Every structure is written in C-alpha cells, then in structure tokens.
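Visitor: Start from the sequences and build out the full structure, keeping to the hints where you can.
Going line by line, the protein sequences match chains A and B. The opening position of the first sequence corresponds to residue 1 in the working numbering, with each subsequent residue numbered one higher. The opening position of the second sequence corresponds to residue 513 in the working numbering, with each subsequent residue numbered one higher.
What the hints contain is simulated information worked out from the structure, not anything from laboratory work. Computed from a predicted structure; not experimentally measured. A hint or two may mislead.
Said to hold, decoys possible - Computed list of lysine to aspartate or glutamate pairs in EDC-like fashion (alpha-carbon distance at most 20 Å, straight line):
hint : chain 1 : residue 1 : chain 2 : residue 2
1    : A       : 285       : B       : 541
2    : A       : 233       : B       : 581
3    : B       : 535       : A       : 262
4    : B       : 615       : B       : 666
5    : A       : 233       : B       : 662
6    : B       : 590       : B       : 622
7    : A       : 285       : B       : 622
8    : A       : 504       : A       : 423
9    : A       : 285       : B       : 545
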Amino acid sequence: MSKKHTIYVPCDAAALSVGADETAAAIASEAKKRGVEINLIRNGSRGMLWLEPLIEIETPKGRIAYGPVEADDVASLFDGEFLNGGKHKLSHGLTEDIPFFAKQERLTFARCGVIDPLDLKAYEALGGLEGLKNALTMAPADIVETVTQSGLRGRGGAGFPTGIKWKTALEQESAEKYICCNADEGDSGTFADRMLMEGDPFSLLEGMVIAGRGVGATKGYIYVRSEYPHAIKTLRQAIATFHSEEYLGDRIGGSDTSFDIEVRVGAGAYICGEETSMLESIEGKRGQIKVKPPIPAINGLFNKPTIVNNVLTLAATPLILAKGADFYKNYGVGRSRGTQPFQLGGDIARGGLVEKAFGVTLKELIEDFGGGTRSGKPIRATQVGGPLGAYIPNTELDVAMDYEALAGQGAMLGHGGVVIFNDTVNMAKQARFAMAFCEIESCGKCTPCRIGAVRGKETIDKILAGDDRAKNLEILDDLCDLMTEASLCAMGGLTPMPVQSAVKHFPEDFGG
Amino acid sequence: MAALIDKLEHQTARAICGRRNNKPDALIEILHEVQGEEGYLSDEALRTIADALNISRAEIHGVVSFYHDFRRTAAAGKIIKLCRAEACQAVGSEELAAYAEKKLKIKTGDAPSDGSVALEAVYCLGNCALGPAALVDDNLYGRLTSERLDALVDKLENAERR
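Guide: Structure below.
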C-alpha cells in the first residue's frame with residue numbers, strides 16, 4: 001500500500017529566479033526513480049524569500065519546510081527522512097512556526113503560499129468568495145459603508161480612505177463606470193503586489209467585483225507592468241477560471257451585478273504607476289499626468305467615473321465583506337487601521353514579505369524579522385517607501401511604521417518597501433540616482449520635474465567634483481524645495497525626499 | 513501606385529488590430545503584440561496601425577517614443593535586462609553591470625551588430641530580496657553573481673548559435 005506524499009514547490013517568480021522549476025523537476029524525477037508516489041503542487045510563495053526555493057511536505061503534524069532547496073539537494077532529501085518531514089540540514093520544522101512567519105498577521109496574504117493559486121476550490125475552502133457572496137446580497141451603499149467603516153486606506157502609497165473614494169464614484173450618475181486596479185508596482189523594494197497576483201489572484205478579482213457592485217461599474221482593468229510576465233500570465237488564467245465559474249460575466253450569482261475584467265500590460269514607464277498617467281496609458285496614449293481636479297472618481301477613464309485602487313487595497317476588501325468592518329479595523333493604530341504587507345529587501349539577511357498590523361517599528365522589521373544585513377556589513381541607511389522615499393539613518397529606526405508616524409519624521413510609508421543599504425553605500429551617489437531616475441522616468445509635462453531632475457543631477461555632480469560645494473548645496477536645496485512645491489505629481493514632487501534626507505543625514509558624503 | 517501601397521501594408525499588424533476591433537485604446541496592447549511577433553516596430557507596421565485605428569502617425573510616434581519597452585530596430589541577439597534600481601544597487605548591481613559590460617565588450621543600451629548578447633537597464637523586477645536580478649525574455653534570475661552571470665551568458669550564446 002503506497003502512500004501519496006503531497007509536496008509544495010512555489011511557482012512564484014522570486015522562487016523561480018533561484019531555481020524552483022529545476023527543484024520541482026528534480027523532485028519529480030527522484031520520486032519516480034525511487035518508486036515514491038507524490039502529489040506535486042506549485043503554490044505561491046510564503047514570502048520567506050531568503051529560504052527560496054522553499055519546499056514543503058504535508059505530514060500529519062502539518063506542513064514541514066525545507067529551504068533553500070536547489071536541484072542538487074534533492075537526492076539527499078530523499079536519502080534522509082524528508083518524506084516523513086524529518087530532520088535534514090535544510091529543514092526548518094513546521095512552516096507556520098518559523099518565527100519570521102509566526103509573528104505576522106496575515107490577513108491579505110492568508111492564502112498566499114498555502115494554495116495552488118489557480119485552484120478555485122482550494123481558494124473557496126480557505127474563505128474565498130465569502131465576501132463576494134455577502135456583497136451580492138447587499139445594496140451598493142451598504143458595501144461602500146462597510147469599506148468606509150473598516151478604515152481601509154489606499155495601499156498604493158497615498159493612503160486615501162478607500163470608502164470615501166468609492167462613495168464619490170457611487171454618487172456619480174453614469175451608465176459607464178470603471179474599476180482600475182493599479183498593478184504597476186514600479187517602486188524598487190516592493191513586490192507584494194507581484195506576490196499576491198501570482199500567489200492568490202482570485203482575491204484581487206473578487207475584490208474588483210465587490211468594488212464594481214459597490215460603485216456601479218461593470219468593467220474592470222488590471223494595469224500590470226510588463227516587467228511582471230508571470231503575474232500577467234497567472235491573472236489571465238485566473239480571469240478565465242472566474243468566467244467559467246460565472247464569477248465574472250452577466251448577472252453574477254443571479255444578482256443584478258455584471259462585471260468583466262481585462263488585463264492591460266504596461267510598457268516600461270514608471271510614471272504609469274501614477275493614477276492619471278495609468279488611465280492615459282489604458283486609453284492607448286502617452287502616460288502623461290493629467291491635472292486634478294477633476295479626480296478620477298468623478299471623471300476618469302474615458303471621462304467616466306473611475307475607481308483607481310492598488311492591488312492590495314482591492315484584495316483586502318473580500319475579507320472586510322466576509323468578516324465585517326470591525327474585524328479589519330481592530331488591527332492597527334491611530335488612523336492607520338488594518339494590516340500592511342511590508343517588504344524587506346536590499347542587503348537584508350532574511351528578506352521577504354511581512355504582513356503586520358500598523359504599529360510595528362522599523363527597527364523590529366529590520367532586526368527581529370530581517371536579521372540585519374545579508375553581507376554581514378553594518379547597516380548604514382534604510383530607504384522606506386520606494387525610490388521617492390526618505391533615507392533613514394540608524395538613529396531614527398525606532399519610528400513606528402504607520403502613515404502619520406513616518407510623515408512626522410519627514411519620511412513616507414508608500415507601498416511598504418524597506419530597502420537596507422550597508423556601509424559601502426555612497427549617499428551622494430544615491431541622491432544623484434534619485435535625480436537621474438526622475439530624469440529617465442519623467443513624463444515631461446511639467447518644468448520643475450522635467451528640467452529640475454536634469455539640473456539636480458548636474459548640481460550633485462558639481463558637488464561631488466568639489467566645485468563650490470557650499471553654494472551648490474544651497475542651490476540643490478532650493479531646487480528641491482521648488483520641485484516639491486511646484487511639480488504636477490509625486491514624481492517630481494517627491495524626488496527631493498530621498499535627496500534632501502541624504503544631504504541632511506549623511507552630509508559627510510557630500511563633502512560636509 | 514497600388515504596388516507601392518501594398519508594400520506599405522503590414523498584414524500581421526492589420527490582423528492584430530482587427531482582432532481588437534481596431535479600437536484606439538488598445539494601441540499599447542497592439543504594439544506589444546506586433547513587437548512580440550517581429551521583434552521590433554517597423555515603419556510599415558506603424559503606418560498600418562495608424563490606418564487601422566484611424567489615428568495619426570504622429571500620435572503613434574508619440575506613444576512608441578514614450579514607453580521604454582518599444583524598439584524601432586530589431587534586437588540582434590538575446591537581451592539581458594539587468595535591474596539597476598535601489599534594492600539591487602544595495603547588493604552590488606552596479607559592480608555586476610560593470611563586469612557584464614567588460615565581459616560582453618558593450619555598454620548598457622548598445623545594440624551589438626553581430627547577434628551577441630546585449631545588456632539593458634531596467635528599474636525593478638520585483639525580486640528585491642533576491643538581488644541582483646535580471647530578466648531575459650520571460651525568465652527571471654536572482655542572486656546573480658559574476659559566476660552565475662557567466663553561466664547565463666554562456667547559455668544564451670549557445671542558444672543563439674543553434
């Protein structure tokens with residue numbers, strides 16, 4: 001009587017990038033060679049990226065983790081007690097007991113890494129579709145009120161109260177309205193959207209249908225950056241499944257809600273992560289910023305009322321509609337309610353995804369979760385919130401990770417990315433890169449950004465060359481203030497944040 | 513005259529536009545598909561798309577020139593898109609890029625004429641905990657070192673030769 005062993009090997013792009021496909025093939029071939037029957041499931045990533053490829057085996061005690069398992073390690077696993085979840089130099093015990101994982105509060109990412117991302121039955125067994133089924137029995141205004149009461153704020157970076165945005169769109173009289181999911185996750189140091197689209201795509205689709213019913217939209221677009229081919233493929237497959245199971249299409253679940261979703265692929269422009277630029281791109285145009293007002297909720301895609309929300313914002317709504325507003329609201333602090341998926345990257349020993357209620361400190365993320373640097377060199381600077389976020393010195397790591405606390409420190413939560421730099425970093429070069437990146441990615445519409453980025457880069461070059469340092473530092477500061485106050489959007493408006501934080505906290509790199 | 517017009521017609525592009533009902537808002541999807549088929553966007557393709565979607569060639573030029581993904585000339589060989597953004601910088605992407613340029617005897621963004629491996633800069637591949645990272649077609653590579661890069665280049669050069 002042979003026993004069938006269930007083994008999980010992630011198909012998440014990060015896992016693939018370090019050999020997960022080769023590991024899966026080696027497991028299949030090794031099992032065949034030894035006459036062992038296995039059920040190989042390709043799951044999403046658990047987000048403990050330093051352990052990828054992280055494979056798990058189902059045992060009566062639960063899922064036991066081994067990692068990082070490369071193809072060459074597989075034979076030794078089978079030689080040992082792997083099939084019983086036993087000890088091996090790569091074993092970590094029960095996956096969910098690993099401290100990095102156990103100390104999290106996984107709401108949005110509850111199913112990511114647990115299930116096969118495209119298995120709708122597995123999705124449903126873990127609470128999926130409950131939110132949508134509730135929403136289909138509710139009036140649109142009640143759906144919007146529930147989201148408002150939950151305290152959910154936009155997880156893209158702006159942190160705007162989601163319920164208020166939905167209410168604005170609901171109140172517009174229009175036969176045509178749109179839900180546009182911003183999956184243009186271009187910030188360096190961020191990958192939560194990618195992980196979710198690859199690991200639990202149904203949660204995003206479910207959230208979009210809920211949003212559609214909530215505001216009266218019948219069409220949704222997911223704008224995914226072209227640098228995410230695996231996410232694009234997975235989303236398209238998930239949409240096809242939702243269609244065949246009739247969670248997309250006409251009169252969903254017999255209700256008066258009809259909804260369809262289309263994936264649109266970006267084309268390598270960082271600026272298309274800005275909402276008006278993204279909408280222009282979906283309309284087949286140059287990704288140029290549009291002046292607001294009017295805001296998209298009133299006049300957006302094709303001049304119709306449009307909700308633009310980040311992947312994580314939309315993916316949080318099924319849980320809110322399933323368990324109620326209070327459930328979500330009870331996590332968090334102050335005006336930052338719910339959980340935030342933080343992403344630890346750069347020179348970090350234990351990099352990956354940490355979903356926690358707001359209130360955890362940056363120091364806890366870096367040390368308790370992240371384990372300090374991967375290289376072993378001391379940390380010198382931490383950039384939070386992506387390329388437009390401030391560089392934080394070691395003396396200020398006690399800051400709480402919520403919208404208001406970080407803003408109070410002259411920093412920014414953004415999309416929750418945390419990038420660690422060691423002591424080989426040259427902060428003047430980082431400041432120069434901030435300006436250079438702005439120059440490359442500027443849409444070109446407004447002078448402060450289009451010209452300011454170029455002049456900023458030139459001015460930093462002069463400072464680095466020792467050319468009239470004091471005067472040029474003054475010019476740089478003045479230029480930064482101008483870009484902050486006069487740019488048409490956050491690209492030019494926030495480029496000064498990393499620059500000015502670098503000058504302030506690391507003057508020695510600027511010759512000071 | 514008819515022969516000249518025929519020469520300017522790009523049948524593949526016309527068909528791709530038709531499959532999307534010639535809707536102007538599908539322009540970027542159409543450009544991706546045409547470039548996916550041919551490897552680049554030719555004059556004929558763009559003229560045909562303008563005609564099919566009933567928009568001006570100037571507008572199409574505006575879109576093609578705006579987005580980094582679109583190319584107007586064929587790429588001779590395989591392209592390694594190396595991430596040069598902050599998280600990968602923190603783990604040595606700049607040093608790796610310098611190594612790659614020296615090894616391949618090209619500069620980032622150059623188009624080598626002999627079909628050998630080329631190098632392009634991208635800004636974030638979403639692999640920020642496993643950098644330095646690179647993308648070749650739809651294949652993502654992480655934890656890159658000079659050794660792993662050597663192996664990747666070997667693999668790509670061998671594939672080109674076949």
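Visitor: It remains to establish, for every hint, whether it holds in the given structure.
Guide: Going down the list of hints, with the structure as the test:
no., hint, verdict
1, 285(A) / 541(B), "holds (11 Å)"
2, 233(A) / 581(B), "holds (18 Å)"
3, 535(B) / 262(A), "holds (14 Å)"
4, 615(B) / 666(B), "holds (11 Å)"
5, 233(A) / 662(B), "violated (29 Å)"
6, 590(B) / 622(B), "holds (12 Å)"
7, 285(A) / 622(B), "violated (27 Å)"
8, 504(A) / 423(A), "holds (17 Å)"
9, 285(A) / 545(B), "holds (16 Å)"
Going down the numbered hints, you'll see the structure goes against 5 and 7, while the others check out.
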